[in-house]
Amino acid sequence: MIVKVASLVLAASSIQATPQGLRSRDNAPGNTFSVNQVANPGYNGYVATGQSALVKAYAKYGKQLPASIKSAATKVAAIFQNQGSVATQPEVYDSEYLCSVAIGTPPQSLFLDFDTGSADLWVFSTETNTTQVNRQTLYNPSTSKTSSSLAGSTWSIVYGDGSSSTGDVWLDSVNVGGVVVPHQAVENARQVSATFTQDSASSGLLGLGFSKLNTVRPNTQQTFFDNVKGLLKAGVIGVDLKAGAFGTYDFGFIDGAKKSGDVTYTPLNSTQGFWGIEASGYAIGNSTTTTKAPTPGIVDTGTTLLLLPDALVEDYYAGVPNSTYSVSEAGWIFDCNEVSPPPPPDFSLVINGYRARVPGSYLNYAPSQTRDGYCFGGIQSSAELGVNIFGDVFLKSQFVVLDGEEGRVGFAAKRLG
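Going left to right, the sequence shown walks through residues -17 to -1, 1 to 400 as mature numbering (1 follows the signal peptide of the UniProt record, and there is no 0) numbers them.
Among these hints, one or two may not hold up.
As a list, the in silico BS3-like pairs of lysine-lysine whose alpha-carbon atoms are at most 30 Å apart [as the list claims (entries may be wrong)]:
#: 1; residue 1: Lys241; residue 2: Lys397
#: 2; residue 1: Lys225; residue 2: Lys275
#: 3; residue 1: Lys216; residue 2: Lys53
Bear in mind the hints are in silico, worked out from the structure with no lab data behind them.
Please take these sequences and the hints and turn them into a complete structure.
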């Protein structure tokens, strides 16, 4: 199925700024656990570019790839092909940081992307078309003593470029952070999109969206989080992603040491299965002035960039020296020569009165592929995508609380490296 995204419209209710404010289940076992991102030893230096980040965003949300982005991605791919090999600094892109998940009995360890913007746990497996496997670790259901086929069930995600990832479904034990779901739906890929084949570091995705977004048919399946929620002290996930370092997902609790100050909550709109929220405005640099601009969007750890309406994007880059929209790269680039230009200004989203500040250094996503001394910006337009995405560029600057029990999302400042 194509994941369709309509405009996110939030109810007029509001939740006041609250310190933590979690409600524990009196009769819950009280489990809490943390999952640390790890450096995948099989990481092959896969080069992330601004264009590849845009392509993945459009594909993920089932949107047809604009001709400008398609052309830019093709040109950049040709540049890499001509170079033969590319020296890269993977810590800049954070593309090698994944989470270890054990599936089956005996456990098979796979490195997966934790993705709040989807609701499928799908993996490369021994059933995957061999021409689409590129050194990924494969899950083998036939060697697991606890696996069973979910007969008649299939899953299918059709992307905006016409490619797809499809397969069948097994039930097996899934161990995340020491907590086991014994009969979790594990979606085996028989066919995968080329985008996933190229990223040999990752063996699949673990979706942390809401189960209504799950693509298994004829009956949707519960996500890992929905299955484990009843075992937790509180139905929350604390997300502490970092720039150039290992992040953490905390299930069932808020780790106060990872934040500074109170958590400010804002209402959740999960009608489409996403962690949808609304920012009320934004600020640029050290300005104390907030520009009012209601901006609904999706909190998505599976999308790299911060994708916003044109008016916000253009206003931001108006304050970035020597910035320009590059047709050849289908995005905004700016002078990042280390000798003279200062870093780009900070950018803040205002969420229920809280100013979520993204340091300017985080908004230097990757080197430009067409212009020496320039960089591709971490803020780009969402206009043709049709939905705003609060992706990793933004999330790495914040401590985030996904509260599925109370129907809200929280943000707090934290110490940045």
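Right, here's what the structure says about each hint:
1. Using a Cα cut-off of 30 Å, the hinted pair Lys241 and Lys397 holds, with the two alpha carbons roughly 6 Å apart.
2. For the hint linking Lys225 to Lys275, the alpha-carbon distance of about 28 Å falls within 30 Å, and the restraint holds.
3. Proposed proximity of Lys216 and Lys53 is contradicted: the alpha carbons are some 46 Å apart, above 30 Å.
In this structure, only the earlier hint numbered 3 is contradicted, and the remaining ones agree with it.
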